[in-house]
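Based on the provided sequences and hints, a complete structural model is requested.
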Amino acid sequence: MSETPTTPPKDDSSSLAAAQPGPVSTWLTQQGFEHDHLDPDHSGIEQIGVDAAVLPIIAAALKSHGFDYLQCHGGYDEGPGQHLVCFYHLLAMREQVQAMAAGEESTLREVRLKVFLTREGTPTLPSIYGLFRGADWQERETFDMFGIQFEGHPHPKRLLMPEDWKGWPLRKDYIQPDFYEMQDAY
Amino acid sequence: MSETTPSIQSPSITAVRDLREASCGPIGAPAVTNDLSENVILTSLDDLHNWARLSSLWPLLYGTACCFIEFAALIGSRFDFDRFGLVPRSSPRQADLLIVAGTVTMKMAPALVRLYEQMPEPKYVIAMGACTITGGMFSADSTTAVRGVDKLIPVDLYLPGCPPRPEAIFDAVIKLRKKVGDESLAERRKHQQTHRYFTVSHRMKRVEAQVTGSYLRADSQRAALAAAPEGQLLATDAAVLTPVADAVDS
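Going down the list, the sequences are from chains A and B.
Using the numbering used here, you'd call the opening residue of the first sequence number 1 and step up by one each time.
Using the numbering used here, you'd call the opening residue of the second sequence number 1001 and step up by one each time.
Calculated directly from the structure, the hints in this document are not laboratory data.
Owing to the predicted nature of the structure, the values given are computational and were not obtained by experimental measurement.
Even glycine gets a Cβ: it sits at the ideal position worked out from N, Cα and C.
Please note that the accuracy of each hint is not assured.
Claimed, not checked - Some residues of chain A that are not near chain B, with every Cβ distance over 10 Å (derived): (1) Pro-21; (2) Thr-29; (3) Ile-45; (4) Ala-53; (5) Glu-78; (6) Glu-95; (7) Gly-121.
Said to hold, decoys possible - Below 25 Å or equal to it, Euclidean Cα-Cα: the simulated DMTMM-like pairs (lysine to aspartate or glutamate) are: (8) A:Lys-63 to B:Glu-1230; (9) B:Lys-1123 to B:Asp-1047; (10) A:Lys-63 to B:Asp-1237; (11) B:Lys-1178 to B:Asp-1096; (12) A:Lys-166 to B:Asp-1141; (13) B:Lys-1107 to A:Glu-163; (14) B:Lys-1151 to A:Asp-164; (15) A:Lys-172 to B:Asp-1141; (16) B:Lys-1151 to A:Glu-163; (17) B:Lys-1107 to A:Asp-136; (18) A:Lys-157 to B:Glu-1208; (19) B:Lys-1205 to A:Asp-164; (20) A:Lys-157 to B:Asp-1219; (21) A:Lys-114 to B:Glu-1230; (22) A:Lys-157 to B:Asp-1237; (23) B:Lys-1205 to A:Glu-163; (24) B:Lys-1107 to A:Glu-141.
So this is what it looks like as structure tokens:
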């Protein structure tokens, strides 16, 4: 996950370096949803950058557009002074299953949403638990590891680390506190 | 005496009778004494009690890591620890031996202590493997491993290895049996573990636990579901939003 997103072009004239918008981005543009289309990843999966405020709206729109399965949600840190990123990998599962059951030729539609958050203060974005129940623990883990708050999450607490842990372990500027058990005095 | 003693290692009962015949003079061995010594065992209460206990050390089925894989091998027919009277128990109330097999983390520590406390006296603990003795390979920089279970519970026997082979566990059990056999009822509880590590009194404050156990019944859970977008409620959400009035209690 070391990729750095190209600065999203504001107008199409300067977007020679950026790839053509994919089908999902085109559809979002038709529907009038503000978003940035990013370069596809190494395996050609379309990536879309969205603002934190509109994430639930766009996720809901995509869900109604067929992307009914949140395959993966997670976060990563771009590096010192750069963004914390939340990503949502969506699959169009139902139509794929229906196509397979009918014996039709079809390729699974996939798209990845990315939210670029500033690391100053408390990065916050709305929870999509209302749309995808499976986001519960995944958002908790992202909160646990990166300190990204999910507003409206049913259980906004750590998942893996001890509940009284300080700091966000997977941030690149994290320094593990000097852990010294008095037991070590053996 | 020596020329009349049969030169076999353990004399059979006929050999013992022959010996008595030969050494009791012309009258012959008294029948009453003969019957008594063949059928009655004279021993001390301590020995009898110890013998009963050491022959039925029932270990608790407790394992947290790879050590338990070795320990579990003992249950099978290849190593067969039933021949030592070890019968694995799944309840601490029926067990008198706790073989701490595997790394103990701070999250596991309260559970381990509670298991130990629920075992009936007299009880024995074998610290099995490097992790339970010193923290093992986690002792350098782990944030969670307990550095030796003897900080939590008194340990009778340290069994090193990473993990120890099943034969080593047998060795530990045999050594523990010797220890059990040496004990005296009168001296029970006189030997306590000393305070064997340096501690300071903490200055921590008690705070509300975040993990309360009320996951689906939490208010925040209901609020999150109530805030779900239009048309996104699932059939399973109804049970959370409108729970059946606590009928479980009655």
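Notebook entry, point to check: Within a Cα-Cα threshold of 25 Å, do B:Lys-1123 and B:Asp-1047 meet the stated pairing?
Noted result: At roughly 17 Å apart (the allowed maximum being 25 Å), B:Asp-1047 and B:Lys-1123 satisfy the hint.
Check: Has the given pair, A:Lys-63 with B:Asp-1237, been kept, meaning a C-alpha gap of at most 25 Å?
Finding: holds (19 Å)
Next item on the list: Say whether it holds or is violated: A:Pro-21 keeps its Cβ farther than 10 Å from all Cβ of chain B.
Entry: Label holds. Min Cβ-Cβ 26 Å, cutoff 10 Å.
Note to self: The output says A:Thr-29 does not contact chain B. Does that hold with a beta carbon cutoff of 10 Å?
What the structure shows: holds (22 Å)
Notebook entry, point to check: Holds or violated: are the alpha carbons of A:Lys-63 and B:Glu-1230 at most 25 Å from each other?
Noted result: holds (13 Å)
Note to self: Against the 25 Å threshold, does the CA-CA distance of A:Lys-172 and B:Asp-1141 hold or violate the hint?
What the structure shows: holds (19 Å)
Check: Is the Cα-Cα distance between A:Lys-157 and B:Asp-1219 25 Å or less?
Finding: holds (14 Å)
Next item on the list: Against chain B, does A:Gly-121 hold up as non-interface, every C-beta pair farther apart than 10 Å?
Entry: holds (22 Å)
Notebook entry, point to check: Is the hinted pair A:Lys-157 and B:Glu-1208 satisfied, with a Cα-Cα distance of at most 25 Å?
Noted result: holds (13 Å)
Checklist line | Given as non-interface: A:Ala-53, which should sit over 10 Å from chain B by C-beta | finding: At about 15 Å from chain B, A:Ala-53 clears the 10 Å cut-off, so the statement holds.
Notebook entry, point to check: Taken at face value, is the distance from the CA of A:Asp-164 to the CA of B:Lys-1151 at most 25 Å?
Noted result: holds (22 Å)
Margin query: Check whether the Cα positions of B:Lys-1205 and A:Asp-164 lie no farther apart than 25 Å.
Written below: holds (12 Å)
When held up to the earlier numbered hints, the structure conflicts with none and fits them all.
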